[in-house]
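S.K.: If you want the building blocks of each chain, they are given just below.
Protein chains: 2
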Amino acid sequence: MDRIQFMQEAILEAKKAYNEEEVPIGAVIILNDQIIARAHNRVRNLKDPTAHAELLAIKEAARVLNSERLLGTSLYVTIEPCPMCLGAAIWARIEELIYGAPDPKAGACGSLVDLMNSNFNHRPRIIKDILKDESLSLLQKFFLERR
Amino acid sequence: MDRIQFMQEAILEAKKAYNEEEVPIGAVIILNDQIIARAHNRVRNLKDPTAHAELLAIKEAARVLNSERLLGTSLYVTIEPCPMCLGAAIWARIEELIYGAPDPKAGACGSLVDLMNSNFNHRPRIIKDILKDESLSLLQKFFLERR
Numbered sequence: 024m025d026r027i028q029f030m031q032e033a034i035l036e037a038k039k040a041y042n043e044e045e046v047p048i049g050a051v052i053i054l055n056d057q058i059i060a061r062a063h064n065r066v067r068n069l070k071d072p073t074a075h076a077e078l079l080a081i082k083e084a085a086r087v088l089n090s091e092r093l094l095g096t097s098l099y100v101t102i103e104p105c106p107m108c109l110g111a112a113i114w115a116r117i118e119e120l121i122y123g124a125p126d127p128k129a130g131a132c133g134s135l136v137d138l139m140n141s142n143f144n145h146r147p148r149i150i151k152d153i154l155k156d157e158s159l160s161l162l163q164k165f166f167l168e169r170r
Numbered sequence: 024m025d026r027i028q029f030m031q032e033a034i035l036e037a038k039k040a041y042n043e044e045e046v047p048i049g050a051v052i053i054l055n056d057q058i059i060a061r062a063h064n065r066v067r068n069l070k071d072p073t074a075h076a077e078l079l080a081i082k083e084a085a086r087v088l089n090s091e092r093l094l095g096t097s098l099y100v101t102i103e104p105c106p107m108c109l110g111a112a113i114w115a116r117i118e119e120l121i122y123g124a125p126d127p128k129a130g131a132c133g134s135l136v137d138l139m140n141s142n143f144n145h146r147p148r149i150i151k152d153i154l155k156d157e158s159l160s161l162l163q164k165f166f167l168e169r170r
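Chains as they are written, first to last, in my numbering: chain Y, 24 to 170; chain R, 24 to 170.
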């Protein structure tokens, strides 16, 4: 599978969140060209402020690999991660982080703050704008319906 | 109880982590002068890169209050939180964050990065240097023993 196909899987997760009336963001984690974890935002249904798609996917991947270090993995997420989720990706030693659309309100890859410009020991390689429009339009639809 | 006493409870949690051979950081969350959650770092034992003291305490407080918003709470933590944990505190709408010692390697309240200087909708009030020496010496002892 290629980058577009993995991001399509993350979008499928975002659509699950949408159907559950959660902010529609989805994530998958890849190791050796295989999806090892997938998750979507579940903050409201779990009543857990940390239940963002990326954080849930990271916890699931750590469970699957039986390790707190997700070496060699790629994290695909439909929207630019917030400081909490990018921080988790840094601690997990995720190698590559691929996101769809920027998040001006909470994005930590340069939109609101730039953790990538700091002196952390480890920083994932960042690739952006993969299926950006599709990721963004799902989010915009969600918020427009709730105005 | 006063601030010193609450921080002493966080230090008790840090000592539990130390005894479990985890990086010794502890946290408690207070609502209406009562401890509603307490936790210590468990990254290695849980094999979960997100199992920092603050994140575990926030998840526990959300469970106790049956809400993803921890309005009116204070989070006490022995060491300056990292971006992941400060990000979680922001999402949880924690009102006040009190920490002991700064963390030059990962602190997000100004030591490595400064999330407090960004434009998040919500930012907790920060109080630092409460039982700083005691919090720091426990951490230093841990790392000295492992050199």
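Be aware that a few hints might be false.
[As the list claims (entries may be wrong)] Heads up, simulated DSSO-like pairs for lysine-lysine below, C-alpha to C-alpha not over 30 angstroms straight-line:
#	chain 1	residue 1	chain 2	residue 2
1	R	K128	Y	K151
2	R	K155	Y	K128
3	Y	K155	Y	K38
[As the list claims (entries may be wrong)] With the Cβ distance kept under 7 angstroms, some of the chain R side facing chain Y (calculated, not the full set):
#	residue
4	E91
5	W114
6	Q163
Hints listed in this document are in silico derivations from the structure and should not be mistaken for laboratory results.
For each residue, glycine too, the CB sits at the ideal point set by N, CA and C.
S.K.: Does the structure break any of the earlier hints, and which numbers would those be?
M.R.: 2, 6
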